[in-house]
Amino acid sequence: MLISYNWLRELTGTTSTPREFRERLTMVGLAIDAVDELEDDSILDVEVPSNRPDCLSHIGIAREVSVIEKSKFSDPQAEISNLKYKVPRTEGKASDFTSVEIKDLDLCPRYAARIVRGVKIGPSPAWLAQRLGALGQRPINNVADITNYVLHELGQPLHAFDLAKLTEQRIIVRRAKAGEQLKTLDGVERTLDAQMLVIADAKLPVALAGIMGGEASEISEATTDVLIESAYFNPDSVRRTARQLGMDTEASRRFERGADCENVLKAQTRCVELICEIAGGVATEDAIDVYPAPLPARTVDFRPAKVESITSLRVDLSEMMRILTALGFTSGESAKGNTLTFAVPSWRADVSIEEDLVEEIARHVGYEKIASELPPSNVSGEYQPTEMKQRSLRRALKDAGFDEAINFSFIDTAHDEQFELIPGLVAEANNVGFVALKNPIIDEATRMRPTLLPGLLESVRHNLNHGIRDVRLFEIGRVFAKSDTGELPNERDALALIATGGATEEGRAQATREFDFYELKGALEAGVEAMKLGPLGFAGDSIKHLREGQSAPIYLPDGTKLGSIGRLSEAIAASYKFRQPIYVAELDLTALLESRECATQYKPLPRYPSVVRDVTLLVSRDVAFQQLRNAVDSEHIADYSGTKLVGTYEGQSIPEGKRSVTLRIEYRSDERTLRDEEVEERHRALIDSLVKKFHAELH
Amino acid sequence: MTAELNFEDLKPRVNAIQEVFQQKWERFRYFVLDHSDPKFIEHLKAEWRSGDSLLDMAVEAKDELERLRIELIGKKSELAALKKDVGRIRKEQRGIAGQAVNNLDIFIGNPLRDAEDQLQRLINKLRTESERIDVTLPGRRPRRGHLHPITMLRERIEDIFVGLGYAIEDGREIETDFYNFDALNIPENHPARASQDTFYTTDGFALRSQTSTVQIHAMQRRGAPVRMIAPGRVFRRDTPDPTHNPMFFQVEGLCVDRGISMAHLKGTVAEFLRRMFGPETVTRFRPSYFPFTEPSAEFDFSCFKCGGVGCRICKNSGWIELGGSGMVHPNVLRAAGVDPDVYSGFAFGLGIDRMCNLMYGLDDIRLLFENDVRFLEQFD
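Protein sequences appear in the order of chains A and B.
The opening residue of the first sequence carries number 497 in my numbering; numbering runs sequentially from there.
The opening residue of the second sequence carries number 49 in my numbering; numbering runs sequentially from there.
Rather than coming from a laboratory, the hints here were simulated on the basis of the structure.
Keep in mind it's a predicted model, so treat the numbers as computed, not measured.
Virtual Cβ for every residue (Gly too), placed ideally from N, Cα, C.
Any given hint might turn out to be false.
What follows is a set of in silico ranges between Cβ atoms, one per label pair, in the way DEER data are often shown [to be verified]:
#1 Arg322/B with Asn874/A: 46 to 56 Å
#2 Asp428/B with Ser1106/A: 22 to 32 Å
#3 Ala530/A with Arg414/B: 24 to 34 Å
Just a sample of chain A residues kept apart from chain B, beta carbon distances all over 12 Å, derived [unchecked claim]:
#4 Pro584
#5 Val1119
#6 Val1142
Produce the entire structure from the sequences given, and follow the hints as far as they go.
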């Protein structure tokens, strides 16, 4: 909202400089974004809060200034009612020349029309053109310029019609008929819908109510009689229509936020007076003012003590009264004890409760005068229950070389059927209801993501496209699916990892290695271990989006399925044009965090040395390490204390379909040092059993 | 006891040893020089051509020399036998004989030991040389990952507020209109509700446009008094550009108790900003408008870059706009089941992304969600 400093000075008699205004108005809630220094004026760009349409005018700002400066300001409105603005020459009744009918009172509670006959249309006088010019408004002709002038002065949008061009000289305020056409003043032919309010003559729409006039009834050089419209239109209706048609005008901006219904006649009088003075002509004695249901006067009960209890400011009652009165509030007698009742001025639709008045007082006393202190505290802070675990997880993954990613929550629907979703999100994997956005902002991103993987794959693609081939990312975020009950969608927190390229840091004194399945599994295990959860279980199985034979579902110790891990399937990799293997994992973090924490329990250090025996078995490739270890565990050998992997080998000298697995078996007693011979005997028995069970050969 | 010997009897043996030494010493005689003497090296190269490297030659020469030493003056050498036999010499000649044998020991032993010593030094020097490493090669270490800057800031904000006695809360990201708007005193026709500004699902639910939704749930669950902050992801329908994202992160705070006033709001926000941006930070409150607070205030803080003098970051104003705040609107308290006649409270909100931009000087906030490794690696 642009405000002319000169105009403001005329209204308030202020001596403050534009620079001082900048600071002062900002501190009462009217932030000045910029001050534009013109040759003989300064223009303040005021950021008016959306609840203060009254400040979208020079008198609105002048009123605030007068409160700040404790000065009187010459309120043109007040003076209209004092009949200072007397329309010089009047003749006849408005109803002699026109008629007004409001068909849709819900969208237009008040409409006033007044006629000025015999005007001489021409350019505006210099002072008027200059004043509008300073506010960035191009002068049009004297009558149009005057309506704009009054808009800037009093905040009431007005419109002037060429009376002769209105069919039957009638005004009908009604909703448009669906498909009805109107060419607006900007030359655009507009197609209207049945929700839009128009001003029509006996036949056709002549203006888009509260937004813009129509070309057909525009004032021209030939115009002699004008109809001045001053009305109040429903803010929601104006907003809806303006948005629908992509319009934003000085008028619509004011009506949208709420004009002053009681300002309708005053502004019209002011306008007519200026027209008679500048463009000549004779006005009608009165206006047709259709206002069947005047808005009731509003009052607010106010307890002055509330100012201190809400703001901590101590303000004298006289100062409170001064501020409220200067802002236009009028107090009746103190009705009950400590309560004052204030009548709310018609232009302050934003004020309806006591707290609103407290704010009026506080902002004019100054927020800077409010003390600054911490509230007394008798509570202790608390993190979310899983926050510390999540922090451990994030740091463990970071230590494993993963960067944390954050992607948008909405993705392309093209990914809908590609991925197996985490089990906690949907009851039945083959019957997923996806959550869709009705009004996406990014084309195609209409799906609320049911999986984090498409986002991460996109991130990998972005990095590869920028020449970065080593990428490791993890993301923790919400995933969504429809709930079975049709209520709010299911939301779960998921953890996903993705990695590709080198496993080692490049450019260092070390051999390089490519990222593989076991790197990803190790990172995930490290992350889970850092939370004292798990250990996770993995079993070979096929997963929709993963490559057969290099993928596994992930389980909690109690057997609950959490998600999956493995190498991205060829089909998906090809669709992204990935030429290097991509490894991904995704699991239900919500379920993982709800799982049981591993207790930390001290175990005495071994008192006797252990005896270690390695055994290398040649087994079929489908014999999993896990099976071998479970088999050893289940032998229940005396003094057996554990099995570790030493290594696996396949290739040269190993027959096809086989691989060699070397296990390290540890024996230890808590009572004594074991003798070699007794271990040897048990170990041999164990090996015999393994050989038999797995059709293995010793290697 | 064998018969006594005369000194004369030993002399030929002394001479014989000396002769052997002189004959074999020829090959080693330059090694009594300092090992860095060019003649030393020249000689080594000339005599031990077989070795691959100078080090090999030196090792070989030293081994050979050691064998010679053992042969000539070792425990089983002729010289050792001679020393024993000195005891059998007639008493009056024993002194001279002993002297002569000792002289021989010195005459042979000293150069042998000196040469061995010099060869060892050369070997040490060459070994050190060959095992020298380039200490400027970049150190070996595992790849290091990085936390997202939003995470780092969120954790820091949480730490500060937990320290001030606040509970951290989070809730749903898809909400009903009641929690996203109605309970926050946002009227039916408020522009924020329009589908231009808020995302809706096809089932008519809203993607939360502020985490105030969490406050309502928390008040309903915890009742009053309550102190909490809700950091989280929120959505507004902005087209992505260098200064907008349709998704961002914010923190909303709430403190409801008996006797809470704007002074407490100011004190809390100012204390937070001091802990966040440093003890010199000054906070400024300006009147503003939000439907869910009354009175409402925006807060600015003195620019952490220039200290309030004016710079690019604060657009020369010395102040940086950071967030909105105010006293919780009585309608909001009521919607959450808290009696506004008994309790009052303040609320505030600020953007984590915005803080991130300010602190790291980002020129394009889309980078926050592109996950470019070159971007992420710059933090933490």
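Hints and how they fare:
1. Arg322/B with Asn874/A: 46 to 56 Å: Since Arg322/B and Asn874/A have Cβ atoms about 23 Å apart, the given range 46 to 56 Å is violated.
2. Asp428/B with Ser1106/A: 22 to 32 Å: 42 Å, violated
3. Ala530/A with Arg414/B: 24 to 34 Å: 27 Å, holds
4. Pro584: 42 Å, holds
5. Val1119: Val1119/A clear of chain B: closest Cβ-Cβ about 32 Å, beyond 12 Å.
6. Val1142: 23 Å, holds
When the structure is compared with the earlier hints, violations turn up for hints 1 and 2 and for no others.
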